[in-house]
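Chains as they are written, first to last, in the UniProt record's numbering: chain A, 1 to 247; chain H, 1 to 247.
Hints in this document: simulated from the structure, not taken from any laboratory. Only a predicted model underlies this, so the values are computations on that prediction, with no experimental measurement involved. By construction, the Cβ of each residue, glycine as well, lies at the ideal position given by its N, Cα and C atoms. Certain hints may be false.
As the list claims (entries may be wrong) - These stretches of chain A come out as covered by chain H in the derived footprint (C-beta under 8 Å, 3 or more residues): (1) 22-30; (2) 73-82; (3) 144-156; (4) 159-172; (5) 215-221.
There are 2 protein chains.
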Amino acid sequence: MNTLIVHCHPEARSFNAALRDTAAQAMRTLGHEIDVSDLYAEAFDPVEAPRHYRCRANDDVFSALAEQRHASAHDTLPEDVRREIGRLEQADLVIFQFPIWWHAAPAMLKGWFDRVFVNGGLYTGSRRYDHGHFRGRRAICSVTTGAPAATFAPDGRSGDIDLLLWPIHYSLYYMGYDVLKPVLAHGVQDTRGGYAYQADAPFIAELATHRENLARRLANWQTDTPLRFPGWDDWDEHGVLKPGVTG
Amino acid sequence: MNTLIVHCHPEARSFNAALRDTAAQAMRTLGHEIDVSDLYAEAFDPVEAPRHYRCRANDDVFSALAEQRHASAHDTLPEDVRREIGRLEQADLVIFQFPIWWHAAPAMLKGWFDRVFVNGGLYTGSRRYDHGHFRGRRAICSVTTGAPAATFAPDGRSGDIDLLLWPIHYSLYYMGYDVLKPVLAHGVQDTRGGYAYQADAPFIAELATHRENLARRLANWQTDTPLRFPGWDDWDEHGVLKPGVTG
């Protein structure tokens, strides 16, 4: 079995990097081969733009969807996108390791979604959701935040973490993944107001706890119940839930 | 009065570009001066990273928050960030014009949030939400999607548009803005599966309708009731809603 870790953090000694290493070790212990897309270290370009398409479907007007589909069909996808797709095709489990910045993933990771999950090649109008390309595979977000857990509850000031992660979870489901409940490391912020890093004395015990929690969650990656989303059997021909079906 | 339009689309002849121009015209009619941050045209760099900070708070370990705060205090913020902050300081109304890509804003716009809303300079622990830097000013998202409106209802396959926009709306509220209900242009996708552009014959009438709708909404920018969020009076000292207060 194979695990891909998509890692998004600019600092090599960050909590996120530590958790990435914990995830790799945990999955190795289960016998997995590990691959890592280290987006900052590999200087991934997160901006979907005309410059990535050498052979255009339409030289006049740029449509990302049309160019992705054309490049998928003609085997002219950008090299970095081809590499990421190759990694995904190998992966039984994909772990996304990132901090919450501005109520969402950092731009670097958002752009990985914008560019790598290509129209045509990896999804079409009918090949989505529970008919998605990666159905039968699993994905999980391992996320750090900069405020206490209580503030990420539904009545919390930082915003309900389920609302914050809903868009990325739905994107993964759109691609067919069974999406596991996220692993959350809250309050990763030092007393100087920066994000904590691994060697920060006051955080060493806390980091150890987060590492143990992540390893424990990953040990159950095959048996955990995925998040529940509606599927093709639940929607009518207009793309809305059939009467009596609840989301 | 002044309006800033933060525009995020790679194609100059896109629906988004047309709606940007409509917004500018509508606000000019109301007597506003218009400024536009055209993120793709200006090649904005959306990746928050060490390379933007010449004089580091910590040369050893990179924390985005710590470096933003340090650079704010020492007037060493990156030039493009200073320019964007200058534009925001002038703006009574900020209009965000963008397409939904992967259930959220494109990476280019997400990174504008990551880099421009700097810790220290534009917010602190106590200067947030209804005590935020831009309180008294207004913001609105004008958004295009690639599927019919019905699929963005709470029971729709594309995902509840209120859930998709919740993170960006909450980020704007975090900065103190009164956030207006978004203006939505659904189904902006041509029959070939690319996004429609302005000269697409089947879409000319539809684009005209979207332009009229946007202009009508912007005419009421000062009187429209903003989205409702809890504020400092509603939270206890742990950052959760006080008993009896509903979010």
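Hint-by-hint comparison with the structure:
no.: 1; hint: 22-30; in the structure: violated (count 0)
no.: 2; hint: 73-82; in the structure: violated (count 0)
no.: 3; hint: 144-156; in the structure: holds (count 9)
no.: 4; hint: 159-172; in the structure: holds (count 8)
no.: 5; hint: 215-221; in the structure: violated (count 0)
Checked against the numbered hints above, the structure breaks hints 1, 2 and 5 and satisfies the rest.
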